[in-house]
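Protein chains in written order, with our numbering: chain A, 1 to 106; chain B, 1001 to 1472.
Since the hints were made in silico from the structure, they are not lab data. By construction, the Cβ of each residue, glycine as well, lies at the ideal position given by its N, Cα and C atoms. Don't take each hint at face value.
Some but not every residue of chain B turned toward chain A, in silico, with C-beta under 7 Å [to be verified]:
1. Arg1102
2. Arg1106
3. Asn1180
4. Gly1189
5. Gln1191
6. Glu1197
7. Leu1200
8. Thr1202
9. Phe1241
10. Trp1315
11. Asn1439
Residue-level listing of the chains:
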Amino acid sequence: MPFIEKDGRKIEVNEEGFLARPGEWDEQAAGILAKIEEGLDEMTAEHWAVVNYIRGYYLEKGLAPMVRKICQTTGFPLKHIYELFPSGPAKGACKVAGLPKPDGCV
Amino acid sequence: MKRRKAAVSGIADAPLDTRSQERARLDRIPSLAPDRLQTYDASADNVGRFLRLLGERITRPLAVSLTACVHCGLCADSCHYFLARPDDPTMTPVYKADQIRRIFKRHLDWTGRVVPWWVHAGSPQNDEDLNRLKNIVFGTCSACRRCTLNCPMGVDTGLLVRFTRGLLTEVGIVPEGVFNVSRDQWETGNQMAVTEEEYLETLQWMEDELRTEFGTPEVDIPVDRPDCDVLYTINPREVKFDPRSIANAARVFFVAGEKWTLPKWGWDQTNFGLFSGDDKLGAYVARNVYEAAERLRAKRIVISECGHGYRSTRWEGYNWAGYDQKVPTESVVVTLQRYLREGRIRVDPARNPDPVTFHDSCNIARSGDLVEEPRWVLRRVVTDFREMHPNRRENLCCTGGGGLLSMAEYRPLRLEVAKIKAEQLKATGAKLVCTMCHNCIDGLTDVIKHYKLEMKVVQVLDLVSNALVIPE
């Protein structure tokens, strides 16, 4: 499997750029995924609000939350999620949150 | 002529990943039943079962495609895999089709009995061979059927690929992504395992937003309303990750004065049975939609912008389910065309000034016969519409078709051969590429990102909704 690397930290991702082992996720890994995979220069407090919620939901239920839940919890309108993560909630935010790629047509 | 040296084959060496299957068995999920979802059993006679089903399932169209090929090689130049890897003969459609053809010849055709060496007859010996077959029919073909259209003998390689996928599905030798989505569709009735509560809550949310936007409670997103003119069915990703398209549809329906509804059950018009080759799954999912229309006495089923969903629900599903078509089934783009033609909605194309090109989805244009309708609509809602070349039924696949988006193991090859698509997109000079398919959205987005193109992907409904003139 391929690796992505930044600041001396190497993380293994799958062919789609999702974290190979979701257990390896931490804040530094999120920063690297955000920069390299999603092209974000900086993770703001708003990015973290989305990512932390998705991460917590995933650890509890084993799958990605509905975008409805993400907006409800963070208080951001749907449009803003796409401004924060240009690839959208599934391929952008879930990836930075260290989830495996959601199943289905995404 | 000097023969070119064959390159190393692009066929992925992906082992069978059964982790999800094992979890499903441990969890004893209800859909693990003989007539439903199958898992891999290493101790079973999988080759024997594969061969038995092959014999049982041969139909006349399959037999024609299996025997009519004269190996002329014309299909090669219609395949984006081969166009991108011209030194790799394993990328030609005929090579891929020959992998099932040789088994057919060995076991069912007289030529394989009389002159097996001449027709290259052969048989899979073990599960390893079946796994290699899996990597060919799932990993090196997006089932786009461009070769089918260009075959002088009428060989439907797309049909052969789907047929072979279906045989492998019966012995659980499938990519993990295909298993996961099939499981969810069997288990929950939709491919993203969205619960009824989540579905209803999201629709309510979009309704609230529209009411704020219009300032009236008259705009709504009704669920299970009987006797409507339109039963609207969607792709689960709309409700799970991006319900803006549902709001766009509701906005247009409201302005057009449409009497419409979504069903509470049977709302998923996508169908992984088309990709996995499993007609039973195909029948189950399609029947859910048809029965919803019957239960609610809807006059018409309208399918949101989704390529394989359109093909499955509009065309294939009736056969899979053995279901008489009682009401018309159409794509929402046809509905939009009717609204524009009848003057039920008005649009201002000046609101979409960026150059737009249109990408025909394989399952909509080649396999669905919907070609001019989206163009008719686009010319009225944008100011700068330009064709890509080739286009219409000859368009090249987004490279993510055939369920490939859900099979990460084949992504490196998919993106490599996507250079053909990238060149085609780039030559248009368009800023927006419009498509009627959710699969194509992600396929094209991957191509755009990988080849660093300055483009964005939109759908017809996005552009119509953006150009929509809201009456005072």
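Okay, the hints, checked on the actual structure:
no.: 1; hint: Arg1102; verdict: 30 Å, violated
no.: 2; hint: Arg1106; verdict: 34 Å, violated
no.: 3; hint: Asn1180; verdict: 4 Å, holds
no.: 4; hint: Gly1189; verdict: 13 Å, violated
no.: 5; hint: Gln1191; verdict: 5 Å, holds
no.: 6; hint: Glu1197; verdict: 10 Å, violated
no.: 7; hint: Leu1200; verdict: 10 Å, violated
no.: 8; hint: Thr1202; verdict: 5 Å, holds
no.: 9; hint: Phe1241; verdict: 5 Å, holds
no.: 10; hint: Trp1315; verdict: 18 Å, violated
no.: 11; hint: Asn1439; verdict: 6 Å, holds
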